[in-house]
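Visitor: Given only the sequences and the hints, what does the whole structure look like? Please build it.
Single-letter residue listing:
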Amino acid sequence: MLTRLLSGDTPRSGLLTLLLVAVLISLAFAPFLFPGTKSLETAARICIFIVLVASYDLLLGYSGIVSFAHTMFFGIGAYGTALALSTSGPSYWSLTWGTLAGAFVAAVFALAIGLFSLRVKAIFFAMVTLAVASAFAVFVSQMSWLTGGEDGLNYKIPRELTPAFKLVNDKVFGVRINGKLLAYYLVFFASLTLFLVMLRIVNSPFGRTLKAVRDNAFRAEAIGYKVVWYRTTATVLSAVMAALAGSLLAIWLRYTGPATTLSMEIMIDILLMVVIGGMGTLYGAVLGATLFILAQTYLQNLMGVAAEATSAVPLVSTLVAPERWLLWLGVLFILSVYFFPSGIVGRLRAGRA
Amino acid sequence: MNETAIKPRIEKVPLREQVLQKLPVLLVPILALLGLAAIGNPASWLTLTVAGLAMGMMIFIMASGLTVVFGLMDVINFGHGAFVTVGAFVGFTVLAWLAGWTASPSVMLNLAAVLIAILAAMGVTGLLGYAFERVIVMPVYGEHLKQILVTMGGLIVAQQMIHVVWGPDELHISRPEAFQGSVVFGEAAIEKYRLVAVAIGLALFLAMRHVLKNTKVGLLVRAGVENGEMVEALGYRIRRLFLIVFMTGSALAGLGGVMWGLYQETITAHMGSEIMVLVFIVVIIGGLGSVEGCFIGALLVGLLANYTAFLAPKVALISTIALMVVILMWRPQGLYPVVKAK
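Sequence lines, in order, name chains A and B. Here the numbering used here is used: position 228 in the first sequence is 228, and no number is missing along the way. Here the numbering used here is used: position 213 in the second sequence is 213, and no number is missing along the way.
Just so you know, the hints here were simulated from the structure itself, not pulled from any lab data. Among the hints, erroneous ones may be present.
Simulated restraints on C-beta separations [what the hints assert, rightly or not]:
(1) B:Glu274 - A:Asp151: 55 to 65 angstroms
(2) B:Arg222 - A:Arg4: 39 to 49 angstroms
(3) A:Phe32 - B:Leu127: 52 to 62 angstroms
(4) B:Trp97 - A:Leu15: 52 to 62 angstroms
(5) B:Met329 - A:Tyr185: 45 to 55 angstroms
(6) B:Ala96 - A:Glu323: 39 to 49 angstroms
(7) A:Ser26 - B:Val325: 42 to 52 angstroms
(8) B:Val325 - A:Lys166: 45 to 55 angstroms
(9) B:Arg240 - A:Thr37: 55 to 65 angstroms
(10) A:Ala212 - B:Trp330: 27 to 37 angstroms
(11) A:Gly304 - B:Leu127: 32 to 42 angstroms
(12) B:Gly235 - A:Phe218: 29 to 39 angstroms
(13) B:Lys192 - A:Lys226: 54 to 64 angstroms
Note that beta-carbon positions come from the ideal geometry of N, C-alpha and C, so glycine has one too.
Guide: Quick look at the structure:
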């Protein structure tokens, strides 16, 4: 049953299983285990980013395609939901059609970009997506009559998902059962479902072919697989998943703006999460996203302490200043591309053998 | 023995193909004429055209290094933008030290200050290119995926180091006296600095063409682009050639950074990655690895960006993407595809 749910792709390492179960339990009971607004925000972010990073891994790890337009698809999904909610009011109907419309637009964009640039070279695709995504981000912030420009959109979501809605009047285990909690579980279960769907995709014959194309496109073509078709389909699938993750973010934050969805910083974050977690395995996305967001939220405090401690040494204290945490992650990123291209998960799995 | 028998027969290229070959060159004047038709007013058209050419030349300076590096070594450097930024920051630091020279009305002192700033920037970025090639790029030759990732990582680290060294704020500097103000042709006012940028870009393009077509190093580079293994088999150390080309490309990016910085008069740690978008578009339009294509692509992008910024400011960046799409529909490998003997 469990193996079936995981599509036969078990973690295959004791420590990895332990970590994954720990992440799953922490996320599933986050509101009760770690009460407080900040930790709930962090938990929801982790859920959404696991989906986003896993969908990116579908491209980078499984198909060997580097795209810099992933935040564009993420943003299209978020803006789809946001626009629907802000134009036609906070109903479940507008939430649904906004999400579907976002996913559809993302799919069309991905299809166009894929058909256009994947036939030439993988490197072409990376450059084209980088250019298109930056242009899109600028475009969105300039279309202020529709998208609110740099300020983004604030909107209402259905009342049942807001803190104002009380399901039970008393506290359960010291936690208020309100709409925010419902919203969290909506995000959690949607993320879990999407993750399992992606696990299903990569372990299907289709996923196997993708790996074959990644490892040797020429041979795959010779055997009779249409390489362009497989690559484009992977791009479209990953774009749709990213758009759905974007919709989840839009529902959770009740705000959508260029900085939270479209910026290049988020793209770089995704890249770091995939590579540090482990390319070519979706469990890497889980660990990568969890560690990265925990580090983003809590490591900076630690670095602040380190900067205080070394404030006497001039250069070192600027190097360990909390704002410079990306520097160290960048170094870690380069090292992991060289020395452990399969990331944390690859290490753990190799350790068992 | 009959001598004519062993003479290689060189077929004359038909006229139609010759014209097709030259067709991309015509795109620049065509675009300029279209711009004139759309804008209407010749004075503003002239201003915009010079601005577009200046922008194109600066993008060309930054993009040329990238495209030659790709052609020769099959390495795409996503960290190229870091050299642009570092160049700009070094140049600005030097200009700030020489504030007395840049503020003086003497043209010679102004020129000397800018020259020193450019040389310093090119020196630093050249050395940085050396380090980058040795530490970051060398272990991943031949693996595109890792190259993209690793050079992207290099870009992140370089950007953060700029924050560490120069602080998080943007730098602001005014152009030297001699480059301020504009020249008036009839009704059109043209900024002096743009003319300087066009002159430097044109000189650089001609020099590069000369080196590539008429010198031994250029011959080796062109041969290396076509078939690196053969060049190596003939006894040339292609690794050293790689390194020299990479350093030159980085130094050119630094030069472009200083020029772009003086053009904008404000620089930030993110300027490199912002310009890289245009640089990539140019390199794709021109055909990866081709210097001529890159030059034409840069001029097209510069002109189009300025025309659309005047006609419809909101779609300026989209228009360059549209240009890229149109060109790729016409020639999927770019204007001048580089032929590889593989």
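Visitor: Tell me the hint numbers this structure goes against, listed in increasing order.
Guide: 1, 2 and 6
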